[in-house]
Amino acid sequence: MAASTDAPTRTARPARPGGTATSARAARRGAQASRGPLFRAPAWLDGPMTSAHLVLGSAGLLLAIGLVMVFSASSVEAALDDQPAWLPGVRQLVFAVVGVGLALVAVRLPIGHLRRYSGIALLVVTLMLLAVLVPGIGKELNGARQWISLGVVDVQPSELAKLVLALWGAHVIALREKWLTTKALLVPVVPAFLLLALLVLAEPDMGATVGLGLVVAGLLWSGGLPGRWIAGLGIVAVAGIAITALSASYRAARVFSFLDPFADPEDGGFQAIKGLYALATGGFTGVGLGNSRMKWNILPHAESDYIFAIIGEELGFLGCLVVITLYGVLAYAGFRIARRATDRFVQLASAAITVWLIGQAFINMGYVVGLLPVTGVTLPLISAGGTSLVLTLFIVGLLVRFARTEPEAIEHLRAHRQAHPAGRLGRLGRWLVPVPEQAVAPLPVLGRRAPTGRTRPDRGGRTVARVRDGRPGAADRPRAADRPATRQTAQARPATDERVPRPRSAAPVGSAGSRTRQPVRTPGDRPRRPR
Amino acid sequence: MPHRPTDPTRRPVRTTPPRRTSTEALRPRRAPGTRRTRGLSPTVRTRRNRWGLGVLVVLLVAVATKLVVLQGIDGTAYAQAAESDRMRVFDIAAIRGAVLDRDGNPLAYTVEASKVVADPTVVEDPDRTALALTTLLGVPVDQLTDDLTASGRYSVLAEHVDTATSDQITALELPGIVLEDQPTRLYPAGTVGGQVVGFIGRDGDGLAGIEQRYDDQLSGTDGTRRVEVGAGGIPIPSGIDESTPAVDGSDVTLTIDEDLQYTVQQRLATECSNGQTTRGSAVVMEAHTGRVVAMATCPGYDPSQASTTDPDLLGNPAISDVFEPGSVMKAVTLSAAIEDGHATPDTVLSVNGHIPAGDVVVTDAHDHAPVDWTVTGILAKSSNVGTIMLAREVGDARLEQYMRAFGLGSTTGIELPGESAGILQDSADWTASRAANVPIGQGVSVTALQMASVYQTIANGGVRIPPRIVESTTAPDGTVTPEPQPEGTRVISESTAQQMAYMLEAVVGPGGTAPLGEVPGFRVAGKTGTAQRANPECGCYSGGGYFTTFVGFAPADDPQYVIAVDLERPNSDAEGGQVAAPVFADLMQYVLAADDVVPSGSPRPDFQLTGTAPTN
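Protein sequences appear in the order of chains A and B.
Using UniProt numbering, read the first sequence as starting at 1 and increasing by one per residue.
Using UniProt numbering, read the second sequence as starting at 1 and increasing by one per residue.
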């Protein structure tokens, strides 16, 4: 937004002849004023679909790298364990396929329903987190009761909790946007987080707790938690760390052993040292794909927690840099969505999800390289692990979904659909990835059945998003004829005339088509009665 | 942004709300429609997004920076530590060289074998493991179970397991059972040549015989294998796998003939089992080269059983044990007398039955009235008195000189450890009785090899060639390095040697002391010896029995082989001509036949044993 508004003023001004000191200073000020933000995205990053493409590209590459590296890191251990060498790799591939399927589902999820059901989902997840603590239901592994066994697969409710917290938190904060005080920002979200964190800690699952914390941090940050609160929390955190460090207890020694893993090479620092060894062995270009030495049962959890070390060993610094860069791209894409979306929920949710994913990646890579204490946080999209991968891919699908609700994206997609009515996949493609109807999704009402016998189906009695088209206050709803085609109206259309293009709305979406390019105003999330 | 203060969307400055009392708790906080805020302004939202992204990017950059340190700056040190962490070094045992006879038949060689070792901390089921191994290893189950449950991480189950068995054990894939290289030394000939070949200890070092003397050449150099392993010691295929190959040991080829050695030992064994002979040695030597083709002492030992053999037997008495040679020494005395011109074979001496020497009187074997014997007769009849008379003409110092020239009193330098030099006193220290005893082989000690060497000198025309037993060494690459052959030294002139050979023939002739030493078809020259054996109980000669010896060569007209036989008979008074000469004859017959030596073309000359002594 800022980039586009400033664009015309970027042209160099003609230098004044015979410049005096005053005029030079004025010119400098003027140049300074017109310089705009520190980082400006290049023009090729300014397309309407760039967010979706960046998410798909970076996540897809990370997934591909992850599948290859999981196969590489796990095959030796599997073979030494008298299993087929490809078994863990294929298992991961199956999870990836399931995850991609879920991502396709996520791409076409109606955001309004997503929001509506998030509260129920929070309840369900809380119950699941409670259930997992029950010995009969929860499956214990490595001293932690984290899994619910569903026969074929084990589900990790703590992974689900992070996603649900992100969606529900974004929904709650978006609902209160207009009346938001600091207290209102904190109260339902933070207690819910504390409850979930307590349940997750009881498993115990330190990694998931950190993940929940990251989600809440993303929500509060983009929800607008005042700077002094953030500073206060930061001071409290630093003080806590300092007190723990100075207390010199046994637990503190364990936590801070990452600073010098060689002090305890046999027990506490064993894994950390082997990870450092793996990275160092890789050097700049790595020892080559599949040539890792550390995966020969030397480095514990080589295919999950410490897969970044194997990447560093086999693909070297270059490979690590690619992975880090891809996470950077994903971060950029996530915040790009948060910046460009007009729906407050989308803004919050994508920011929270991005902070969570990238923060988790940083924590994982951070402890592998020895910057952080070792926690069981996995590397998103790369580490082996069923629930985590499936859920992360679902989240990637959600991000794509969010990216497609950017007003410019909707406009572009509509234009594209109009230009290419059939498309490559035809109706299947449209069904798989429909064009979002509104930049700001309305909230459906739960539990009310639509009355039958009406020609125009009642859509919950709620209004669709209305956006200004440049005239302040002219919040005219698009006429029914101009309204984008929906599933409901599709029923009314004659079934024989499949090839007739659907009526398309010429109404601008958001302010993207307006010449003045004023900031997008959302009409508020409170549903209104139709007039 | 500069427009911020005028931005209408900015949240208004918050004013302190009016304090509510408890009674107002149920009142709405503000009147309807009086919103306090209109949400987060786009400016703040943009800034938050930008800062959020910035923080994440900074975190990722921190990881990348740490990676630069880890993989670039500190990388080498860590990588080396990691490599040495994974590196294992294994020894590759060099195969010890073989010991071969002169025809290349192995007397000792090494085969690959394994030591079966268990790591009791890894063994999963000791009982089942023990059952699986008991028949393969031939170890009782109880003992295996004990070994498999022993404390510690290293428990030897069996040693010297052959490759077929070790392959079977490998196929069982038992956890915790490890095979270690343990090359095993085999002695296929058993006791044959055992004293010459020697044996090795548990650590593979040669402890006796050729094994000890040629340990450096035989043992070779062990190699090493440096290999990167994963957990559990599994080699990593893509890792470092460097080997310094082992350099196998060289083969040592002896001058020994295995067949002949076998025959010699058989003949000696027969002698040792007759109840009289407690120890018997024989040395067979080539007359012109000084090479020992057989050397044995009964009783011998089997090198493969060395660890369980009486340590007193683990020697080579033919070179390490000394005895008083007795009359065989007379050849030296007479050689000196003839070489110095004091006598010829036909010189006639009037020999009394006894002769005073200092405080003792030396007699012949049987006292007799004075007889006129030629020098040949003195030798054939083995007259002590006649020999002493000639020795007195030679003189003590000159006699000692000749004895030392014949190699007595010093080691021969044969390539075997533990060789004795014998005992030969300085002539200046000889008492009168010692001076009379030494010429007839008492009061002087020699080894069987030394005695054979003396007669080799005579058989070789007076040129003594120090005896040798190693022919050559063969490196693993096939390079043959012959052992340096020692230079011969002339001790007596050729004519003296010929005269001695002529006279020695008379010993086995009619009237000689050893008609039993004859070999049909060949002319044999030799000399008997019967020396009193010092009684170890009292340190005197009484009751000590005798060393009976016979040393000789054949054919006398063209000597090919020298054989020395020496039998220790503590409880018998039989003479050398009666017990040692037959052994000599049997061995000589075999040697000559085996070597296809042409029988003598001329008959033995008739000897003039008596004559008319010049009266003076």
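Rather than coming from a laboratory, the hints here were simulated on the basis of the structure.
Please note that the accuracy of each hint is not assured.
What the hints assert, rightly or not - Facing chain B, according to a computed beta carbon distance under 10 Å, are these residues of chain A, among others: (1) Pro42; (2) Pro84; (3) Ala85; (4) Trp86.
Stated by the list, open to error - Straight-line alpha carbon distances no greater than 20 Å define the calculated SDA-like cross-link-like pairs of lysine to any residue that follow: (5) Lys115/B - Ala171/B; (6) Lys66/B - Ile230/A; (7) Lys66/B - Thr325/A.
C-beta: ideal position from N, C-alpha, C; glycine also.
Do the hints match the structure? See the list:
no., hint, result
1, Pro42, "violated (16 Å)"
2, Pro84, "violated (18 Å)"
3, Ala85, "violated (13 Å)"
4, Trp86, "violated (17 Å)"
5, Lys115/B - Ala171/B, "holds (16 Å)"
6, Lys66/B - Ile230/A, "violated (27 Å)"
7, Lys66/B - Thr325/A, "holds (15 Å)"
The structure does not agree with the numbered hints 1, 2, 3, 4, 6 stated previously, though it agrees with the rest.
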